[in-house]
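One-letter residues, chain by chain:
Number of protein chains: 2
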Amino acid sequence: MRFYDCSTAPSPRRVRMLIAEKGLTIETVQVDLAKGEHLTERFHEINPHRTVPVLELDDGTRLLDSNSISLYLDEVFPEPNLLGRDAKERAVIAMWQREMEFNGLMAVAECFRNSAKGFRGRALTGPVDYEQIPALAERGRRRVRCFFADLNRRLEESEFVAGERFTVADITGFISVEFARAIKEAIADDALHLKRWRDEVASRPSARV
Amino acid sequence: MRFYDCSTAPSPRRVRMLIAEKGLTIETVQVDLAKGEHLTERFHEINPHRTVPVLELDDGTRLLDSNSISLYLDEVFPEPNLLGRDAKERAVIAMWQREMEFNGLMAVAECFRNSAKGFRGRALTGPVDYEQIPALAERGRRRVRCFFADLNRRLEESEFVAGERFTVADITGFISVEFARAIKEAIADDALHLKRWRDEVASRPSARV
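Sequence order for the protein chains is A and B.
Quick note on this note's numbering: the first sequence kicks off at 9 and runs consecutively.
Quick note on this note's numbering: the second sequence kicks off at 9 and runs consecutively.
Keep in mind that the hints were calculated from the coordinates and are not lab data.
Do not rely on the hints blindly, as some may be mistaken.
Copies of one chain are not kept apart here, so a pair can be met inside one copy or by any two copies together.
Straight-line C-alpha distance at most 20 Å; calculated EDC-like pairs for lysine to aspartate or glutamate [claimed, not checked]: (1) 30 / 208; (2) 96 / 67; (3) 96 / 158; (4) 96 / 83; (5) 43 / 137; (6) 43 / 208; (7) 125 / 165; (8) 30 / 45; (9) 192 / 146; (10) 203 / 109; (11) 43 / 198; (12) 96 / 66; (13) 30 / 67; (14) 192 / 207; (15) 192 / 40; (16) 43 / 172.
Bound conformation, chain A alone:
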């Protein structure tokens, strides 16, 4: 297997953190997004979407997003389990994982990529160039604030995002909160449950990879 990573980007960090939780060693290739290495013809052959992460299996099959990669790795390396142990738990974790991604990670990206100077003309990942939309940056920021408030409420009733134990939904949620630093959105002082959970996840060795 070969893992195409970028050490500064949030999406491949979701995979790095899962790999670290499982204690795996996978051959890793750094793709420097800041230098535009994902836009080269060479990388286009690896992933026409021009995004990381990519996991290349030994038979040449390539998985091109962190969700499908996580699904594969959790099944092939089952311990510790991060995506669920039975049909119901798998579905519940998938639901929370999706909520973290849609309302967290994607909302931060919506604000960041539509406002940061470095993304002018590149407001979406992928092969096509799209101009930034300032109103979308504003919408993204509103969505991130709702996400933080919703997540705080969730963590008042539940120790972890998807239930009583640490799962892939915590990885995606944690990285969404971390990524929000890029748009200068921090956890509110009174969001005690969110803060308790963030500190707990941040203390895991996997949070430092």
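Starting from the known structure of chain A, arrange chain B on it as the hints suggest.
Chain B only, in chain A's frame:
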């Protein structure tokens, strides 16, 4: 089990089509989005996101998006298999399913909800009201055209979206193409592979539910 559906909306149709493929009978409650039944307090208790589909399990657990519902149903009712039979196939189908959803369904929704009069002030699903952004409607339309072209290329090399057999990725892809009628985007005359596949999927009994 109880399935909360809306017969006119694309997201619950993904679940309806999967249920039909499996030949299941599940108690179904219609939630009339046009009448705003999803915005009532009563439905808020069922799903705070105010969206359909919802699948309520017998123990009261509620799954709130079509992906987690599909994951659950495919595992509990395994035949015919629609989400993959081993780790690699499950990951590859999940990858294509995601591509159909992100670049297809969500792109159509981006255009439709940011331009249709009926969605003024409601440009995103969920409990928070967001104004329409005309530039986002334009971006969505560009993305849909790219999606159609990419999908035609994919179907030149592959009989179905995720490989040699019909899977959940075909359901999501097909419904994305159908949903594009709402923004008056049709398959181009020269997109022969996309047309061949669309006609094939449309001929399945599950396409008529």
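Go through the numbered hints given earlier and state which of them the structure violates, listing their numbers in rising order. Hints 3, 6, 7, 8, 11, 13, 15, 16 contradicted; others consistent.
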